[in-house]
Structure formats: C-alpha cells, structure tokens
Amino acid sequence: MTVPLEDYAMIGDGETVALVSKHGSVDWLCLPRFDSPACCAALLGDDRHGFWSLAPDGEVLETRQGYRPDTMVLDTEFRCEGGTLVVTDFMPVRDGRPLLIRIAQVVKGRVELVSRAAFRFDYGNMPPWIVPEGKGLAMHVGPDKLALHTEAPMSVENDAVVSRITLLEGESCDFVLAYGRSNEIVGDGIDAEAALREAEREGRDWIARLATDGLAYPEAVRRSLLTLKTLIHRPTGGLVAAPTTSLPEQPGGTMNWDYRYCWLRDAAFTLDAFVECGFVDEALNWRDWILRAVAGAPEKMQIMYRVDGSRRLDEAELSWLPGYRFAKPVRVGNAAAGQLQLDVWGELMSALHIAERAGMERTTQGRHLEHAVVDHVAKVWTQPDQGLWESRGEPRHYVYSKAMAWVVLDRFLNGRGARELTSERRSELAGLRDRMHATICAEGFDAGLNSFTSFYGGSEVDASLLLLPKIGFLPMSDGRMAGTLRAIEAQLVEGGFVRRHRMEALVPEGAFLACSFWLAECLLGAGRRADAVKTIEAVMAVAGRTGLLSEEYDTRSRRLTGNHPQALSHLALIQAVLALKRFDDGERGDDADL
1 MTVPLEDYAM IGDGETVALV SKHGSVDWLC LPRFDSPACC AALLGDDRHG
51 FWSLAPDGEV LETRQGYRPD TMVLDTEFRC EGGTLVVTDF MPVRDGRPLL
101 IRIAQVVKGR VELVSRAAFR FDYGNMPPWI VPEGKGLAMH VGPDKLALHT
151 EAPMSVENDA VVSRITLLEG ESCDFVLAYG RSNEIVGDGI DAEAALREAE
201 REGRDWIARL ATDGLAYPEA VRRSLLTLKT LIHRPTGGLV AAPTTSLPEQ
251 PGGTMNWDYR YCWLRDAAFT LDAFVECGFV DEALNWRDWI LRAVAGAPEK
301 MQIMYRVDGS RRLDEAELSW LPGYRFAKPV RVGNAAAGQL QLDVWGELMS
351 ALHIAERAGM ERTTQGRHLE HAVVDHVAKV WTQPDQGLWE SRGEPRHYVY
401 SKAMAWVVLD RFLNGRGARE LTSERRSELA GLRDRMHATI CAEGFDAGLN
451 SFTSFYGGSE VDASLLLLPK IGFLPMSDGR MAGTLRAIEA QLVEGGFVRR
501 HRMEALVPEG AFLACSFWLA ECLLGAGRRA DAVKTIEAVM AVAGRTGLLS
551 EEYDTRSRRL TGNHPQALSH LALIQAVLAL KRFDDGERGD DADL
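Residue numbers for the sequence shown, in UniProt numbering: 1 to 594.
Hints were generated in silico from the structure; no laboratory data involved.
Where a beta carbon is used, it is the ideal one built from N, C-alpha and C, also for glycine.
Worth double-checking, as some hints may not be accurate.
[Unchecked claim] SDA-like, lysine to any residue: derived pairs with alpha carbons at most 20 Å apart:
1) K135 / M154
2) K379 / P298
3) K300 / E171
4) K534 / G547
5) K229 / R79
6) K229 / L578
7) K581 / T546
8) K135 / N183
9) K229 / T546
10) K534 / E219
11) K328 / S391
12) K300 / A335
13) K229 / I165
14) K328 / G252
15) K581 / G527
16) K300 / A378
17) K135 / D188
18) K300 / L313
19) K135 / R116
20) K108 / E171
21) K534 / Y217
22) K300 / L340
23) K581 / A216
24) K135 / I165
25) K379 / A438
26) K379 / E424
27) K534 / V493
28) K379 / R396
29) K379 / Q339
30) K300 / S310
31) K581 / R528
32) K379 / G296
33) K108 / G82
34) K108 / R79
35) K581 / R529
36) K229 / G547
37) K229 / D95
[What the hints assert, rightly or not] Quick list of simulated restraints, FRET-style, between CB atoms:
38) P69 / D281: 34 to 44 Å
39) D191 / P235: 17 to 27 Å
40) R556 / D375: 46 to 56 Å
My request is simple: use the sequences and hints to build the entire structure.
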C-alpha cells in the first residue's frame, strides 16, 4: 500500500530525518546523515526495502497524527476496539550517536502492540546480520550498525526484529534505536522520558524567539520555521532542499531527483526568512556555510553541494527500487550540480547583501568573493544557461537568469563593496548594470504579448518571472510586470495553484507550491489583497495533517507530489505571510525584498 505524502510526518535531529506514516511506520531513514544511504527505504518501494512499524496488532478503527505544539515531537494515536494507543516519535539532538526514540503508551483500555523493525541497508538492498548485544539486538551490515533496545521481548523473524507486548491503560513501552559503527557498543542506558522532555523544551525555547504580533497564520509560520530548522545540518549550518530523493514530480514519471543537498538557489530566501523572523544565528550559520562551500574561483562554483560543502554528487540509478507509486528511476546524486545557472551568482550576492543589511560582520573572504563574482559575471552574463528550473535540454537565454546576473551588480553597487572601488570602476560597473537592465527588457519582453517571456525570443511565460519584483528588477506598478502577471494568471494558474510552465509545453507535472506563494506576493504588490489571501490559504489547505508541504501539488489527483517536505515551499510560505504583514502595516515600497 502506497501512503500519500500528506500522510507522512518528519522527525529529525539536525543531521538526518525519519519520515513516519500515519500508520506508525518509519518508511524513510538515512543514517548517519541526510545524504547517507537509507536503511528504511519502503517509501520508494515496499516492506522488502526497509521499515519500522510500531502499531496495534489488529484492526485500527481510526488514526490521528500531529506534532506537540511548537516542537518536532510527533504523536500518532490509534483507536482500536479495545483501547487507544499513542506512539510518540522523536530524534534527540545528538550527544555522540544518532538516536530514534519511540514511546508507546496506552491511554485507554488495553492494546496489543507489535513492533516490526525490518531494516535494509544500502537503500533497501542489504538485509542485516542480527545478533544479541547487551540488553538489545544489533543489526550489522559492513561498517554500519543499528542497535535496538526495549523492555519488550524481542525475536528475529525473516531478518526483522519483532516485539509483541500487551499494554494496559497508563502503561508504556520505550523503543530506542541507535546508530554506530559496527565495532562499537551503542544505545545502552538511554532515558527515553528525559530525552523527550529535553526535545520538547529545545523546540519550544527556539520557536519562542518568533514575534507573532500582527502576523497572519502564526501557526503555519511556526511550523514552517521548525521544519526548516530540522532540515539544517546542525554541525555545518547547511540547509538541505528536502530530506528525500526521487519522489516524482509527475505521477509514474521519470522526473525523480535527489534533493538531499544544499542549493545556492535557496541562499537568499533562507537568509531573508530567518533574519526577518529574528533567527539571526541560523542566518549567520547559513551565510558562513555558503562562504566555505563556494571558496575558490567563481567559475568553479556549483549550484548545489553536500551538507559538508563537498562537491561530488555523481548521479546513479538504484535499479532494485521500484519507486514511489512505481515512478522510476530512483536516483541518488544529482547531475544538475555541474550545470551553468547564471542565477546562482545573483542569489549568492543577494544573500551576502541581506547579511550585510542585517548587521553581520563582513568577512575578508566575503569581500574577496564579492569582487571576484562581480568580475566573473561581467564576463559571462551574456551566455545561455539551464535556468532556474535546471533544464536538461539545450541552454537558453532565460530572462530570470539574466535578471539575477543584473542583481549581482546592483547589490554590489548598493553595498559596502562599491566603496572599495575607484570612481572609474564604479562608473564602469554602473554603466554595465544599466545596459544589462535595458538589454533584458528589450530582449526578454514581448510587446505583442505585453509580457516578459521565459527566454529571449520565446512566446511562453514561466513562473520564475514572478520573482522579478521581489528581486527589485521592476516593481509591480510597472505596466510590463502587470502584463506579465496577467499572462501568468492566464497560462499557469489553476485554482490558485501555479505551474512552473504551461502543461502543453513540457511533460505534465504538478503545481509548484513555492510559485503559488510568489504569486501571492505579486498580487499584494498589485494591491489585490483578497486574491493574495485566497492564494495563500489555498496552498496551506493542501498541507498534510502535520502542516508539511512538498515540492508540488497535483490538482487532478489532489495529492502532494515531489520531494517531501520541501524547504523552498516553507520558505516561500513564510515570505508570503511576511509580505502580507507589510502590506497590512502600510508598507508599499518598491524596494527589493531579496
């Protein structure tokens, strides 16, 4: 049985995550890191590929799932004929080794509980060697080991660890899973209840820094921030785009990509959201991660990196996995890392500008990088590229890419870096910036359509054009942007949901959720508050029971699609709600947000 994405919740420890279905099954778990091979990969296959189920042994009448307020602690409630069971799942912040803790408690009546831990290493390909270890059982494959500890009796059945226990009202049973190297003893002596209290305290203390006065949809913003925090690699500060790979953008299709990496595309969005919400430490850590990752020559900069900043993301296909809803291939790694995307330099410079505006100290490395990027973009901005949407076809002169190249010069000239130039060089760069703007407007705007187009000489729009006001290229009050908004609404919008491209133009895919929030910001810029609110609420309504948003939404099947949860969707939600607050506070300026 394939579980809809909206029926999955996420727990994590700041270094990896687990996806837990509303049926109580951990169907995705990579250890020890976001981009490590999965030991639970049923999400992309079935029970043969690794899972850990903890649920009543028998018929379940009803299930409910939700996070405890202002935490990433997950409760799944099972109502059965004879009683009610609550399973509490969380991953404590690491003090040495990764832990996944599950606490089962009967809150009413009597429930027979069964745990089935069928871990399969190397993305579901390798069953483990299972041996006793201390008071638990250890599962080994090569250098990796999982140790499961519980007071419930354990047995081995078909290469799985199985526990059965009957609990009465008020009774509970803890299950502690620890990861380590195969030659280590891990997981002994964990106090599950103390770890739970600390996980709740940590989450609530962190999110309490958010000021929600006058903020619409405060719960959605809090949940989005907590989701983003869970996707930040705590040791390095890098933010993964999503914790999953190969969840298809098109049902049954081949657009299945690995998103467990850090995209520079998200740099400015992330800094802007965290700074405006008051989480400056996280913004600073992300800024510093960017500077470390892109160190070196600008022409060698990639569009994405691993969480530790390493560059090799060689793409491979896992033939033994049938894929989510049989969408193949399942891929690990991402070949798009080597693409030329002009926009990444603009996103980098915008991020550094936001950091400077927020009062973060400008580093020596940052200064050198700014000057090097400006010099490089001045040379290459006329080249075609693969665009924001990472086309794997022929390079084109994408309008958004060109506009982000313009952003490089604009932010530099409006920052402290420009003061380090001679007046002659400043004048030269200002002239180039103005020529870039004029060229983009001349080549990228179609007077007959009264709209910017996706690329020079094209006749179609794409949703990246919704970002032109946000980056300060043109305000919504400009007639060309008004015309572009009308074209996008006519060609790409369906029921408040925005597709990246016209469905006739490319392989059909779902609506891209971040784009719908970008549309809402443009509607606010056009003074159409009611339409903006309607759009924001339409997207929020499709979130799963736990408030998580995927990359896309299929308006036909009414299901979330694409990798889940998606950082960019939650970043765009936060920014749209903040834009609504600025609108309601009377801020109508045309200054760039990014």
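Here is how each hint holds up against the structure:
1. K135 / M154: 10 Å, holds
2. K379 / P298: 12 Å, holds
3. K300 / E171: Answer violated: K300 to E171 is near 58 Å, above 20 Å.
4. K534 / G547: The given pair, whose Cα atoms are some 18 Å apart, holds under the 20 Å limit.
5. K229 / R79: 32 Å, violated
6. K229 / L578: Distance ~18 Å between K229 and L578 Cα, so the pair holds.
7. K581 / T546: The hint is violated at about 24 Å.
8. K135 / N183: Given that 20 Å is the threshold and the Cα spacing comes to 17 Å, the pair holds.
9. K229 / T546: 16 Å, holds
10. K534 / E219: Given that 20 Å is the threshold and the Cα spacing comes to 17 Å, the pair holds.
11. K328 / S391: Roughly 19 Å between the alpha carbons, so the hint for K328 and S391 holds.
12. K300 / A335: 15 Å, holds
13. K229 / I165: 35 Å, violated
14. K328 / G252: Cα-Cα ~7 Å, so holds.
15. K581 / G527: 13 Å, holds
16. K300 / A378: Roughly 16 Å between the alpha carbons, so the hint for K300 and A378 holds.
17. K135 / D188: 8 Å, holds
18. K300 / L313: Holds, at roughly 15 Å.
19. K135 / R116: Roughly 18 Å between the alpha carbons, so the hint for K135 and R116 holds.
20. K108 / E171: At roughly 10 Å apart (the allowed maximum being 20 Å), E171 and K108 satisfy the hint.
21. K534 / Y217: Since the Cα atoms of K534 and Y217 sit roughly 13 Å apart, the hinted pair holds (cutoff 20 Å).
22. K300 / L340: 10 Å, holds
23. K581 / A216: Roughly 7 Å separates the two Cα atoms, so the pair holds.
24. K135 / I165: Cα-Cα ~17 Å, so holds.
25. K379 / A438: Cα-Cα ~17 Å, so holds.
26. K379 / E424: 18 Å, holds
27. K534 / V493: Given that 20 Å is the threshold and the Cα spacing comes to 13 Å, the pair holds.
28. K379 / R396: The given pair, whose Cα atoms are some 17 Å apart, holds under the 20 Å limit.
29. K379 / Q339: 17 Å, holds
30. K300 / S310: 13 Å, holds
31. K581 / R528: 14 Å, holds
32. K379 / G296: Cα-Cα ~17 Å, so holds.
33. K108 / G82: Roughly 8 Å between the alpha carbons, so the hint for K108 and G82 holds.
34. K108 / R79: 9 Å, holds
35. K581 / R529: Judged against 20 Å, a Cα distance of about 11 Å means the pair holds.
36. K229 / G547: Given pair K229, G547 holds - Cα atoms ~15 Å apart, limit 20 Å.
37. K229 / D95: 18 Å, holds
38. P69 / D281: 34 to 44 Å: Violated: the Cβ-Cβ distance is about 23 Å, outside 34 to 44 Å.
39. D191 / P235: 17 to 27 Å: Holds, at about 24 Å.
40. R556 / D375: 46 to 56 Å: 48 Å, holds
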